[in-house]
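*Asks:* Since chain D is already given, all that's left is putting chain Y on it; use the hints.
Chains as they are written, first to last, in our numbering: chain D, 3 to 419; chain Y, 3 to 419.
What follows is a set of in silico ranges between Cβ atoms, one per label pair, in the way DEER data are often shown:
| # | chain 1 | residue 1 | chain 2 | residue 2 | range |
| --- | --- | --- | --- | --- | --- |
| 1 | Y | Ala219 | D | Trp88 | 39 to 45 Å |
| 2 | Y | Pro317 | D | Glu313 | 38 to 44 Å |
| 3 | D | Ala8 | Y | Arg325 | 33 to 39 Å |
| 4 | Y | Glu307 | D | Gly131 | 55 to 61 Å |
| 5 | Y | Lys222 | D | Ala319 | 23 to 29 Å |
| 6 | D | Gly336 | Y | Pro317 | 22 to 28 Å |
Hints listed in this document are in silico derivations from the structure and should not be mistaken for laboratory results. Note that beta-carbon positions come from the ideal geometry of N, C-alpha and C, so glycine has one too.
2 protein chains.
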Amino acid sequence: MISAVALRARIQARELAPEDAIRQSLEAIAASDGELRAFVATNAEGALASAAKGAGPLNGIAIGVKDIIDTADMTTEMGSAIYRGWRPKADAGLVMLARQAGAGIVGKTATTAFAHADPPATRNPRNLGHTPGGSSSGSAAAVGAGMVPLAFGTQTGGSVIRPASFCGVAAIKPSFRLLPMAGIKCYSISLDTAGLFAATVADAAFGLAALTGRDLAAPKLGRAPRIGVTRQPFAGSAEPEAEAALSAAIAAFEHEGASIVDRQAPEEFAAAWSLHPVISDGEALRSLAWEWQTQRPLMPPKISEALSAAEAITPEAFDEARRAGKRARVAAHGFFDGLDAVITFSAPGAAPEGLFSTGEAKFNRLWTLLGVPCVNVPGCRDARGLPVGVQVMAPFGRDATALGVAARLEEALSRTA
Amino acid sequence: MISAVALRARIQARELAPEDAIRQSLEAIAASDGELRAFVATNAEGALASAAKGAGPLNGIAIGVKDIIDTADMTTEMGSAIYRGWRPKADAGLVMLARQAGAGIVGKTATTAFAHADPPATRNPRNLGHTPGGSSSGSAAAVGAGMVPLAFGTQTGGSVIRPASFCGVAAIKPSFRLLPMAGIKCYSISLDTAGLFAATVADAAFGLAALTGRDLAAPKLGRAPRIGVTRQPFAGSAEPEAEAALSAAIAAFEHEGASIVDRQAPEEFAAAWSLHPVISDGEALRSLAWEWQTQRPLMPPKISEALSAAEAITPEAFDEARRAGKRARVAAHGFFDGLDAVITFSAPGAAPEGLFSTGEAKFNRLWTLLGVPCVNVPGCRDARGLPVGVQVMAPFGRDATALGVAARLEEALSRTA
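Same shape as in the complex, but just chain D (with noise of 0.2 Å):
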């Protein structure tokens, strides 16, 4: 994979032009792409152009782009056939907060229809037969193959957290909105949450720094740091290799002195959890509703299976489950009181086999419900080599804790394993 640190490094000290380190994900993109299909467009030229201009943090890293996030330079088809050839008219505003930082934008990243759950053609790039997850397929595959050091996702339920545990690559799905959401195509107005896919915890600290200008860096603690424990029993059970992924990062955490504490969900979690779909569905069917009811033969069954269900909500259940998520928001205080950061699953297990399912993202929606920085820590691996992460949360707001608490897990992790 490509570091953007280390990228950012060899360019500061002039041992790369910002343009050679633009073109090093192009020939990697052309090299590997006919395979993996992380890429639905590209544009070399652009790329190249942000990267001679030569000004901001990221000039020369290449960034790839959900193709659910509007760009005027390229196409962005939604993975779906209906906006095929579509050409917004405005870069989104997380498009132009990576451009005014200096990056290319190398190329849009395939997504599952409309960022829900109908698998695109992309692979794994761990192995070739497995589901890079969804729905930031390509984001997730396009960083975990070392085509780009950094590339844009989003996340309704699991959306960017899942697919970098299955891709083996660090990911934060920052704090509700701390990402502009202006020109990406809208799922659930109050769920979507815009994210970030890197090589390391370090390399996604790096690139939300850049893109924010706010200073990501983990406060000093002066401590050992406290953990929390939670494994969701709401959520259903997780398979052997998530479990022993989480062991391994509590192993890891104790090793390097840090306390442990089991802390059970309260109650609200789980009632939020069981309505995230009430909210997430129930507001599709109105941000979509032009799809789903005059191109309705475009759309395919997972989506439409989902827009079907929701269109038996009422007002009343509708209302309730944004209260009931209110309710979980404010008891999400008492439940990081007293801890740094908490851990859970990333996911299941680690990417499932075959193409036809992106995954489950029933350990990672409840937090995205309640606004909080989620970050993927890669490190861990099943019998078959597959990567397996554990998941950090921070409270809301604290994305640099949920980082800085990440970055010390994937380090102590890298030195147990």
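*Replies:* Just chain Y now, with coordinates in the frame of chain D:
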């Protein structure tokens, strides 16, 4: 003006064909819009075709749609030369709600550029020498001039309630996101709220109920309503005309036996009020980054000034403004405690003369930030005969109460005026 309720009754009684109801609006537009400039695009054929389909509670109801709201069958120009001739791919969720309810989307209404403050050419139907207000200028004028029974607008500061007050029409800015926002050009993602203009409060309630499938009949109180009065001293002073309208509303309520209490705004409200522009323009700088960074010569002066100023907002200041907003939303529970609704000014006074300014949102922006339902009640006039509205607010989610209290006030004013 055209009452949607009365029109619907005639259509249901088969006294009027839905197509003829739409045709009346098209004729009214043809007759008056050369002078008023409320519309920037129309689609007679499309609207008549919807009417002919003959289903839904809004069948035969002509709707004007603010031109920042995407329509697949008409241009969507955002009030900006940048988007001249732009045709979105899909209808916005809100437009689809209207179509599903059987409405005829007759045209797109003039908006300030990107729903900020640079005036379009629209005139006030009550006096052509005055502004209709903004940013939903065309929608307020179209309803006020009797061109359409219903029109859609959006409010980030005061862009629904203020133009309604200036044009002498009823309007509701519902609870935050009661109406869907997907496909509406974003200025501020945490403030932008879609709303509805209508001839009377009852017409607005009818339209909102038809769009949302919600029962918006006001709950029966079984006692005299308890109305709070707040003058928002932190926002500066109102003109005598606005004070006179508020006094008339108080007198009308008292005449009806309502109990009236002065309600001081908590200090959290003043803080949130003063930080509204930090959230609004801070978010706009990211939402409109493409336009601002790549099309600057085409950005008009007022929005340019706002975005230039927003460049100085630090992440810390932005986060603090968001927190202040949250504190104010918590404080709103206590503010409304024991009251059915609160009344205040809809605008500082009647519509200013000239078309150089759309007026001030200073008495609206707090309530937009709180996300509570706001209704403009028409009925009062100044010495020149220009309309001056009164604003009714209720707690979040109590849109039915806000509309019920507003309808009562509208009726009471009609008796005492």
